[in-house]
Amino acid sequence: MKEGKYISLFELNRLVRETIELSMPDEYWVEAELSECRESRGHCYMELIQKDELSATPIAKASAKCWANKWLTIRPYFERTTGQQLHAGMKLLLKVYPQFHEAYGFSWIVSDIDPTYTLGDMARKRQEIIRKLKAEGVFDLQKELQLPMFCQHIAVISSQTAAGYGDFCNQLADNPYGFKFETQLFTAIMQGEGVEQSIINALERIYNHQLSTVNYQFDCVAIIRGGGATSDMSGFDTLALAENVANFPIPIITGIGHERDESILDMISHTRVKTPTAAAAFLISHLKDVLGIIENSQSLITQYAQQKLLTLNSQFSIISESIPRLFSLVKTRQEAKIDSLNNRLLSLMQQKLSIANYQLSTIESKIPMILERRFTNENHRLQIIEERLKTLDPTLLLARGYSITMHNGRAVRDALQLPPGSEIETRLAKGIIHSIIKSV
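372 is the number that our numbering gives to position 346 of the sequence shown; each next residue is one higher, with no gaps.
Hints listed in this document are in silico derivations from the structure and should not be mistaken for laboratory results.
Treat the hints with care, since some could be wrong.
What the hints assert, rightly or not - Label-pair ranges, simulated between beta-carbon atoms:
1. A94 with P174: 50 to 60 Å
2. M175 with T239: 13 to 23 Å
3. N273 with F342: 56 to 66 Å
4. Y54 with L171: 46 to 56 Å
5. F401 with I381: 29 to 39 Å
6. E154 with D78: 27 to 37 Å
7. N273 with T239: 31 to 41 Å
8. E154 with G68: 34 to 44 Å
9. F176 with P84: 50 to 60 Å
10. I135 with P84: 15 to 25 Å
All values derive from a computational prediction rather than experimental measurement.
Glycine included, C-beta positions come from ideal geometry on N, C-alpha and C.
Please build the complete structure, drawing on both the sequences and the hints.
Take a look at the structure:
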């Protein structure tokens, strides 16, 4: 290398800067996706990216800056027009010019942002989400749910410190009709990049509560947001959140506090109102309508009861007037019936008596013959017994030469039963012999 043939890095970078300034003196409108965005000391620092349409692979990247003197004008106009803050994933149309600094390198300097382009891209994305929801058949699922008549147990998804949450609870508590509402807060992030997942997590907690609790079930869910920036609404326009809300099994009311067109969350919910206080007013009005139905039903029931009483009183009067005539008619019929029964009873009694008398006469005529036959039979039996007794008479045995030995008045059948010295008597056909036992 020849001495004096090199330059310093600063000189090289200045040469690049001068070349860029000479060859690219104009500003350019460029379409890009925002992959990162942050503010520092009033300036806005962006990372831009372009992806392949088929594979979504990044094919170009660049850094961009918007200095405070421009950013203080561009930001409010963009947010007022689009209703959103700059965030990752947003498509932008930026007016830029190149800048190369010897110490900090190359960067695109943003001098303007076209909000109408972003609005168009946002609308396209919203329409794509809506198309997917309708294709899945879930877009109107929430609308098909029936809000309970007595909608008083409410699960609230909101930030605990949000003014809108306090307004919602106060409005319910101080309603002019004295209705009682019970609310339970399920905290969630209501602005910024964490909105989508935070609300989905809150819905999951509510669903688990419904499954685990039998005695205390929620009638509806209120997703409310008040006091936040109306420009930070991108979290409510996501497919995942819309699908979770659409498939939720109880009605969801949204009051997320913004005046622009409906968010997708609003479209998919059961009922959409603008603010948390409007959500409370809706619930109070719903219960008031139910009260009106009850009062109207009460009035109809009263009228029906009164009409029924008039009809029954009229019928009672007619019946009361006809009772004497009916009683006389019934009395005559019953007396005739009693007379008929009495005559039948007398006839039956006479018939029974005649039959009984005939039976008694028949029995009476048969008694002498029966008695005579019975006496004959009994006499014959007595004769037979008498003959049998004669054959058993011991005197006849004695007359034949037999004797009977007695001891203590009883006949002796076994000589061994008589001890020596026992006195016995022997009965003969003629006379009695007394003896003393000496030995056996």
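Verification of the hints:
no. : hint                       : result
1   : A94 with P174: 50 to 60 Å  : 54 Å, holds
2   : M175 with T239: 13 to 23 Å : 21 Å, holds
3   : N273 with F342: 56 to 66 Å : 60 Å, holds
4   : Y54 with L171: 46 to 56 Å  : 52 Å, holds
5   : F401 with I381: 29 to 39 Å : 31 Å, holds
6   : E154 with D78: 27 to 37 Å  : 19 Å, violated
7   : N273 with T239: 31 to 41 Å : 20 Å, violated
8   : E154 with G68: 34 to 44 Å  : 35 Å, holds
9   : F176 with P84: 50 to 60 Å  : 55 Å, holds
10  : I135 with P84: 15 to 25 Å  : 22 Å, holds
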